[in-house]
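Novice: So you can see what is in the structure, the chains are spelled out below.
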Amino acid sequence: MKLPIAAVLATTAVTLSLYPLIDGADWFLAALGAVLVVIGTATLAGRLSIPPALASVPAAIALLLYLTVTHAGEEAWGGFVPTTTSLLRLAEIAAKGFDEIQNYPAPVPASPGVILLTVGGVGVIALLVDLLAIRLRRAALSGLPLLGLFTVPAAISTAPIGWPVFILGAVGYVVLLVVDGRERVRRWGKPVLLRRNPGSAGPDVTRLAVTGKRIGVAAVGLAVVVPAMLPSLTPNPIFAFGVGEGPGGNTVTFPNPIASLRGNLNLPVELTVMTYQNNDSIARYLRIYSLDVFDGTQWTMTPPQGRAEDRISEGPLPPPEGLSPDVQRGRIDSRIRIDERVKQLSFLPMPYPPTEVEADGDWRADAGTLMVFSTQQEAGGLGYRVVGLDVRPTREQLRAAGRPSPALAERYLALPPDLPADIQEKAREVTGAERTAYDKAVALQNWFTKPGNFTYSLATQGQSGQALSDFVMRGRTGYCEQFAGAMAVMARVLGIPARVAVGYTGGSFNQGNFAVSTRDTHAWPELYFEGAGWLRFEPTPSTGQGTASTPGYTRPEVTGGPTNNQSASSQGSTDPSAAPTPGSADNRENRDPDALNRPVGAPVAVDEGLGAWAWAGAGVLATAAVLLLPAGARVAQRALRRRRVRRQAPGSPAMVVTVWAELSDTLTDLGIPRLGSESPRSLARRLAERCTGRSPAADPAEALERIARAQERLRYAPSLPADLTGQRLDADLRTVRSALLAAAGRAERFRARFAPPSVLRRLRRAGTGLLDAFDRLESIRLRPRRAEQ
Amino acid sequence: MRGALAALTTRGRSFLAAGSAALLCAFVLGEHDLLRIAVLILALPLLAMMVVARTRYRLSCARRLDPARVEIGAESQVTLRLENVTRLPTGLLLIEDQIPFALGNRPRFVLDRVEARGAREIVYRVRSDLRGRYQLGPLSVRIADPFGLVELVRAFTITDSLTVMPRVVALPPARLSGEWTGGGESRTRAVSSAGDDDVAPREYRQGDDLRRVHWRSTARHGELMVRREEQQRQSRGALFLDTRRQVHGGEGAGSSFETAVSAAASIGVHLAKDGLGLRYVTDEGSVHLPEQSLAWSLLDHLALIRQSGGRSLDRGVSALKEGGGDGLIVAVLGSLSDDELTAFARLRHGGITGVAVLLDLPTWLDLHPSAVGPAAQAVDRAAETLRGAGWRIVRLAAGQSLSDAWPAVAQHGRIVA
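Top line first, the protein sequences correspond to chains W and X. The first sequence begins at 1 in this note's numbering and counts up one residue at a time. The second sequence begins at 790 in this note's numbering and counts up one residue at a time.
Pulled out of the complex, with its shape left as it was, chain X reads as follows (with noise of 0.2 Å):
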């Protein structure tokens, strides 16, 4: 009963007030008349009460989500579905998701009783133009009646989350001659390898295949170790991608960063889709993916990723030679610095295919006239430099489809005498 006292909107607690002064004056000035508007102003709110509070733990309630992952600007389609799960019907219902204010505004539904073991299903769809997981819920349920005296606000718990990727777009088929002259070891020595205690195994991180444990080397270490020849046996590649502030430029979902993201995501998912055992590093260093279904688990972390407030490539640059054994380096690109560039040119070597996907920086920035010819030739520069340490080059300008520029992978880089 004080839950719902509280339940009183300051209209019903207008109502409970005035009722009773003129309960009292009634009583006081002995006139009828204003005894039965006394009884019914008290009579509405306490009767309104009387139905919120009956109606109060009624429901059940699900949400589905289809699909749960949605690349930027596609719609998902949200399923309610609200079940009156006792043998009376509900009052009146007013039922409001809560999400983001990146999804739009809140889906707000106006139940009006749900009869006994009754179910209603409501449908809204959500779309975002930003990246990111959102969480979806939990729902509100107010239940009200019809004279706004009462309103009873009830939440239920479950929420479900909505990852918002970024766009990927179809790269055309080219040819990365080197793709697969990573250093992977013959299938049958792997095999063969069985039973050597030189396999160079190496810790177990989460997502191995627990099959893949050496129990030996486990034994020896006294931690879980996996063999690794087994990835050895596939084409292997590295993923770079420049998160730093300073390398990026623009605003919102048309900076160079998203379109950086959606670089990485279009040629990470195109690689997997060949095939190629991918490893993702970015400017703070390796990001260890789960290898089955690596182009999902890569989405998901593109979706999430966010700028770095970091200064020095000089991590990423590490984590790239420390790998190994990559066959092809892929690196999604801002705006370097010369010494950061002659570090980065020194990564590709002997057999190693590198592609660099250049943004064309100053595309994004609202450049000064005569700043623009400077920064161009900066950009020139640095695909210069890159191209002669046997880069291949993608330069990707704002506005540009990266399917568009992504044959240009193809041509080989030669060495600038």
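Okay, chain W solo, but in the shape it has when bound (with noise of 0.2 Å):
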């Protein structure tokens, strides 16, 4: 094979690993076409007088001229040639293409824009492996662009890349190197292809075959089988690639949550988003996106981290942050059906806390923030269960709430430098007279919530750096996504751990199900208190959000018995211009008081998973056992034997096999060396006098001369003498054995012990043999051998 052909093998095959990345085949081949178009280039290019490097310049030509035929063709002269309108074009394309990458998760859909970003991506690695492999005679240097081309995928999915995939891209190397090597080789000397075999007649001609299969071969499967053996590694958060948006690769890549909550509730028509049901029939908030981070103008989230152990397959989501086993809570059982036509949505909304996740493909929950998302596969279409928790803490418990551990004050008390001062005065001063954490945040919902006080509407666009200021101290005009991320601000000045969450409302119950609409797209805050976790809090009036409903713990305390139980169904007639008055936004809680003091279900299981020391305790264990495998192996041959001889009939010459073979392996175990022209009863005298004296055991003479005895008679005469016929031995063998051990010193007993010869030179043989077969690797035969002249 020649050497381009393999380079554009290598590449291709590497670039093969980018499909988790991008959707369809059609990027695949506009790749593949513009390696060719490089290889076929620099080869043809090289075959002129120049120097080799100078191959690289028309290559490179013929790259762009090859991305101006496939995406600017109408502007450039004659269709190839490029023109300054030509590569503005492009650069807008792949300006674009840029963004699409940003913006959405992988895969990201297959537009011109992020085809040209690929196939430029995919044309400039053919152009430097041709440059490293062929024209400068690089080839293992070849492996760096190729590297960097399998490193895309690998650090933006969190999925470890398929093997499948894996073992083109070593392959494709591997033969690159091959090729290499074998061109090296013909220019090193002349290859020998005669050979005469002293066996054959006449001289027998081959071919120069330098494959390396077997060491390729061997090197690929251990490359897959080594790493599958190990623990799954997961990515290191503090060295994880990428955090939130620019460029540098991310962990996964989402669209602008408070950009999309905005698109969703000024879309003119209104489309059912998913359907749930759950075991208790109540509304609940669906959360998707938790933003944490307060960046002076929006809210943002820090990208969840989706660590393989974290997988929802894996079993129970890790613990909600917080929550603590006095409070009290229920079961809910939700199942969820996204619609087919939600696209780009690679996080699954559930209400939180959920416990146990139950969906088809790889989702992975967030440690902290318990969002489930994925990096594979979206959303949309899909159905999936939710087991979660109803927290229910009691008054008391929330004003008794502690104070949060230092690193979630840190994550979650960050705010800007420069907050203007008259929210962080406007915070103080409606919460004044509150003294608990609770209280203030009751306190500051109300404020948001009093009929009077702010105005909902969806015509806001604040998005400037005053707007927050703006919407609290002057317009108090805005919709979902201001109140909740002015409280979540006004609740962090006042030292409460807060945060946003996107999502959708309850929806609305028909049929047996809720339906929830783009126009229960919602934000909202969560507050923090020690104890409880992480409650959910609803600042935005509820006349402007019709499906909107504040939490039972916020409100009033009842005092009276059941003050509602309104039954799910009246709330499923519910719609946003049926809106009930803020007053009655009680009712639409559909908790019952009574349900707060049912007795707790079943305590949820944590996942503690693995300690470092109990990982080093296992690593410990497991070398110990495989370094005493040899002497297991021996005790259970041991033991083997001996059942085998209780199993046989007495004095059977398979009997007297086992037995001479025991002791065979008992004299290999204690080095002591047997001659091979001595005869067994000569053997037998020979032990006994070196039993003689030095055992303490009874003396073995006698059970070495039967022993010895029946060999003679096995070997030399038809039948076994009369005094043997009957007996066992197996108790001679024994008495054998342990007069030997007690007769070898103390270096010899440990070693027939824990490490014994007799194995261990079955193992060094089979070793050997393993190594043969290795060698025979490199006969493996893709292709029929030509007949032979």
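If you are wondering where the hints come from, they were derived from the structure by calculation, not from laboratory data. Treat each hint with caution, since some may be false.
Chain W residues, not near chain X, derived (Cβ > 10 Å throughout) [claimed, not checked]:
(1) Val342
(2) Lys343
(3) Arg411
(4) Leu667
(5) Leu763
If you want the footprint, here are the derived chain W segments under chain X, 3+ residues with CB under 8 Å [claimed, not checked]:
(6) 179-189
(7) 221-230
Some but not every residue of chain X turned toward chain W, in silico, with C-beta under 8 Å [claimed, not checked]:
(8) Ala832
(9) Leu836
(10) Val899
(11) Asp934
(12) Phe936
(13) Gly937
(14) Arg1135
All residues carry an ideal CB built from backbone N, CA and C; glycine is no exception.
Each chain sits in its own coordinate frame; assemble them with the hints.
Specialist: Structure (structure tokens):
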């Protein structure tokens, strides 16, 4: 095979690893075209008498022409000669593609911009591979650009790249190395193809086949098998690539939640986003995103970390943050189905806090926020089951909540240094009289929802630095985004950890199902109380958001009996136009006060995982087990033989064979040499002499004599002597063994027990056999051998 | 294992380093994909090392030269036979025979996998335009892997030598009168002298036949003595070659010295074929050559001869004189000074036939046109001087074949009045 063909194969094989990032297969064909164009041009140019490295210049030009033809043909002169307009057009498409890559989770749709970026990138990689492997003849170095290409999907997608794709890429690189090696060897000297075998009559001509099959096959095999045997590695958060937006690769990409929120609310048509049903038929907010960073203008999200052990298929989700066992909770079991028309949603909407999620595919939970997301799949059309908790803290518990942990406070109390002072003053003013965090939070919510204080309007376009200030101090007009954001900021000002949740309100009940539409898109603050965890608050006046409801723990204490046992079905008829008055907002919370006093269900299983010490201990144990394997094998073999002797007919030849084999192994273990010329009888005499005086146990001479005589008879006579028939000899064997062991030195005894040479010798033989088999890998033939002349 | 580690090429070491770094990064960053790449990159050199280490002691090698002596410019065929003596196939073998650069480029061959108990024969040819004895080998075998990650160099110890002899031209038969007029005694007398103590034994020299040891004289002298009467049986002659640097001109293969060596070789072989017992003398004295296969030993000697730095011809002249009993002196001479000519001319006396192969030295020298005349005259004068002393003169110019000039020996020299 020629080097350029190998270079094309290697680049193409590694390009395949981009499959999890881009939809469809068009991009692959286009990239293949770029690889062919680049390496083909470089190969043709290499035939000219120019310095080899210069052949890359025409190849680069060819790549530009290729991109122009495929993406900016109309603007180009004659369809392929780049002009300023066509170049600008290319830049524009590329910029658009860049935006799309930033804003969509993988796999991104194969838009022209994305394809242009992919093809251009692969073309540059091919250019580098060609330059290094063919022009400069440094094939090994061409692994670096290939590795660079391979790193892209490895860095972006959290899940490991599938092994078939890895094998393809690795084989591509190995083939490139082999072809380069063959070329190098050919340059080194003349291949000798004539072989003269002592056996064969005539000379036998073969092709030079520097294949490196056994090394290549074994290396690729090891590369797949060895990591598979190790516990799966999880990206280390400290070093994880990329945070949030901006170039540098994201752990997961997602559209700006706030932007999509407003987009959904502004949709002219109301579309059903999902339907769900749960065990108690109570509408609950379905959270999608949890925004924890406030930059002064808007709330954004730290990219979630999906560790492999937080796969939802691995079992229960991590325990909810800050929820102590004292708090009463109920179990909610929801079945949710996302509408197929929903696109680019790689987070699963669900009530907070979830404890278990059952969904097809690789969905992972972020340990802190319990957002469930996937880097590979979309939620559109997905049906899944969520088991969650209905947390019912009492007011006393909330009032008694302690300080949050420093780590949590650092993350959820952070505020931009340039936060307007008037907002801080306002926050204190509104909550001035309250003592506890909980009471302050309730006061804050009441201030937002108090009729007349604020006006709900979707028309607000607040994204400037003053937006928050405008909303709180002056305009007091906004929609859920402003309300949620403002309350979260003010809660942080008051020292209550807060974040903004984006998702849907509970929707409307319709024919046994809750239906959630685009109009139910919502944002709300979640505040943290040590012991109760994250609790939802609702500052948005329900005049605006029809299905919004204030949670029970924020409402004034109910002194009477059950006041509202409103059925869920009645809520189903609710629609935004028929929104109840703020005063009746209490009724909208479908929480039975009695439920607060119901006994807690089964305690939540908490997955602690294995600590570092446990892993270390397991490692030590595993090493010890491996070291003791030969000893174990020997023990097992002895037990097996003993059982066989018992089962075999006493005095039968088979039994004698077994006994003799065991004796031989015992001698090997103790390092007692056996002479080839020694008869069984003389061996027995020698062993008996060896034991004399040194062995405190019973004198083994008689036992040895019996065994030797049996073996002698087996060898030289048709039948055993009369006094031996009917004897099993296993007792004799044991006598001999213990006598020999007692007579042996301490070191020999230790070796015989823990590293028995008889087993080790067999292991060595097996190892040699394995190596021979490895050598035979070389003779694997992909094609049938040619007929020999 | 340490040997195998040292066998790693730069590429192999880079792979090992890159693989280790990738492994470390994979664990620190927790990237599963990187782990696979690390294992792949680490496994390649390690497996290659294992393969190479196992191939190490599996070869036997033999070299055959055919012929082992060649004339200048002739080819010799070298056959290498490599045998895999184990029951497993070898890996990739890069074979290089170490030969002096005078014999051409080092022959390099690639053997891909010699099967179990298999053998390969490699044939290459060597030729040289320079006389000498050349050492072929030792053969070095690089056991390599197809990826160029490991290369283990192993050299066999056996070497062979190739002798490149001066060119020998066949000389036309020309009667050298006095060829048989040497001082050899009659056979009958020689035989009868077996019991005679005055047999004039000489000391034993290497190459003498042990059967000719004269034990009685040995006992008397205390060292091994041989009878010399049998030497006298045949006609004897002396071959003289002036190897002094100062009397020769020209460079390398086209120098007058090479022509002189070739002429001496041709004449020596010619005379030895005729059965003449030949003594070989240079300006540095007499050189003993074993008498069996005289022609071969002379050629072997001439293959290795180098120009001497000596200034005077005295030792050569006295060696010629000492020998005595020569019926024929053939001298290959460069440009001699007048004194040397006179001394040399005097060597011929009585019935001795003297043949001087006189190199026409100016034709080898790149002289200024004005200097050509006097130089040619000097050669003419030398020829005249020798001829005057009764020498037969064969003049040899650059580019002229000795076989063309040789017939001139048939003419008797005349004493010029």
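Novice: None of the hints should be skipped; say for each whether it holds.
Specialist: Verification of the supplied hints:
W/Val342, annotated as away from the interface, keeps every beta carbon of chain X farther than 10 Å; the closest lies near 30 Å. Remark: the non-interface label on W/Lys343 is consistent with the geometry, its nearest Cβ contact in chain X lying 28 Å away (cut-off 10 Å). Taking the minimum C-beta to C-beta distance to chain X, about 22 Å, the non-interface status of W/Arg411 holds against the 10 Å cut. Every beta carbon of chain X lies more than 10 Å from that of W/Leu667, the smallest distance being close to 30 Å; the non-interface claim holds.
Listed as outside the interface, W/Leu763 is consistent with that label: its C-beta sits roughly 18 Å from the nearest C-beta of chain X, beyond the 10 Å cut-off. Counting residues of the segment 179-189 of chain W whose C-beta lies closer than 8 Å to any C-beta of chain X gives 8; at least three are required, and the coverage claim holds. Requiring three or more residues with a Cβ within less than 8 Å of a Cβ of chain X, the coverage given for the segment 221-230 of chain W holds, as 6 such residues are present. Given the 8 Å rule on beta carbons, the hint for X/Ala832 holds: about 4 Å separates it from the nearest Cβ of chain W.
The closest approach between the C-beta of X/Leu836 and any C-beta of chain W is roughly 5 Å, which is under the 8 Å cut-off, so the hint is satisfied. Interface restraint check: X/Val899 against chain W, minimum CB-CB distance 5 Å, threshold 8 Å, status holds. The beta carbon of X/Asp934 is positioned within 8 Å of a beta carbon in chain W (closest approach about 6 Å), and the interface hint is therefore held. A least Cβ separation of about 5 Å between X/Phe936 and chain W falls short of the 8 Å threshold, and the interface hint therefore holds.
About 5 Å separates the beta-carbon of X/Gly937 from the nearest beta-carbon of chain W, less than 8 Å, and the hint is met. For the restraint placing X/Arg1135 at the interface with chain W, the shortest Cβ-Cβ distance is roughly 61 Å, beyond the 8 Å limit, so the hint is violated.
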